[in-house]
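Counting the sequence shown from 1 gives a position; our numbering is that position plus 1196.
By construction, these hints were calculated from the structure, which means they are not laboratory data. Treat the hints with care, since some could be wrong.
Computed beta-carbon distance windows for the label pairs [stated by the list, open to error]:
{"#": "1", "residue 1": "Gly1323", "residue 2": "Arg1241", "range": "17 to 27 Å"}
{"#": "2", "residue 1": "Arg1256", "residue 2": "Ala1438", "range": "38 to 48 Å"}
{"#": "3", "residue 1": "Thr1297", "residue 2": "Glu1371", "range": "16 to 26 Å"}
{"#": "4", "residue 1": "Asp1310", "residue 2": "Ala1213", "range": "34 to 44 Å"}
Positions of the beta carbon are idealized from the N, C-alpha and C atoms, including for glycine.
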Amino acid sequence: MHAGLAARHPEVQALKAMLRDRAARAAARQCVIEGPRALAGALDRDAPVVAVYLGEGADRAFAPLIARVRDRGIRVEQLRDGVLDRIGSVRAPQPVLATCTTPGRATVDDLPADGTVLVTCGVADPGNLGTLLRSAEAAGAAGVVSCGAGVDPWNPKVVRASAGAVFGVPMVEEEDPVQVLERLGARGVRRLGTVARGGQPPAAAGLSGGVALVLGNEAHGLPTEVEALLDGRVTIPMAGRAESLNVAVAGSVLLFEAARQRTEGER
């Protein structure tokens, strides 16, 4: 086996660019998977992994995972000692990285009109979006639409926080949330915005049919032009003095309430 790829190797430089730059990921039509857990989640969902890059000792520490990778014919490259510290996106870099082809661009019209669609308008925190993707997959959502000036769904931190779910739930990226809601409404999908107060409780909101759960930015909520297109508003009842829930928590609660109502309606 060769000594491994050095930090100046073109492939490592491309990996570094994709870890940091949305435009580089879009140009390559690839994302970066950081960490053995996220890679295992991608393999579980048959994601099109292109190559795997290992830090010092990772092939021994994660032998069963690397065996899965090799069994699928995925290329494995060793990185020279210290390379991960120079290219990683976090202070304590993960010992396993991988590149994966991102899906072709889907549209809102590709999503089923009779299921639950999660629409995020400007969700900015990678951990929040990753958690929402994970909950959407677990709750059986028909898809997730990421729109507005939010975090890139293929940001490595989103991919890691989703624990592989970004590869398991249909994902649509759109720029204009107004167009998203107009197109969903034209297909008969009810558009329900999540608000801190003044909305219906989820149990009474009727979430079992074709419905879009619309979440706003962590700090600013839903834009005025988006609120104008809503068919209703939903508020999660809370005890105590809490004013609101974290957007990922609120979205997860509503996704599973929608799943519960669907199940009840099928009985």
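Going through the hints against the structure:
1. Gly1323 x Arg1241: 17 to 27 Å: holds (20 Å)
2. Arg1256 x Ala1438: 38 to 48 Å: holds (47 Å)
3. Thr1297 x Glu1371: 16 to 26 Å: Since Thr1297 and Glu1371 have Cβ atoms about 22 Å apart, the given range 16 to 26 Å holds.
4. Asp1310 x Ala1213: 34 to 44 Å: Since Asp1310 and Ala1213 have Cβ atoms about 41 Å apart, the given range 34 to 44 Å holds.
Checked against the numbered hints given earlier, this structure breaks none of them.
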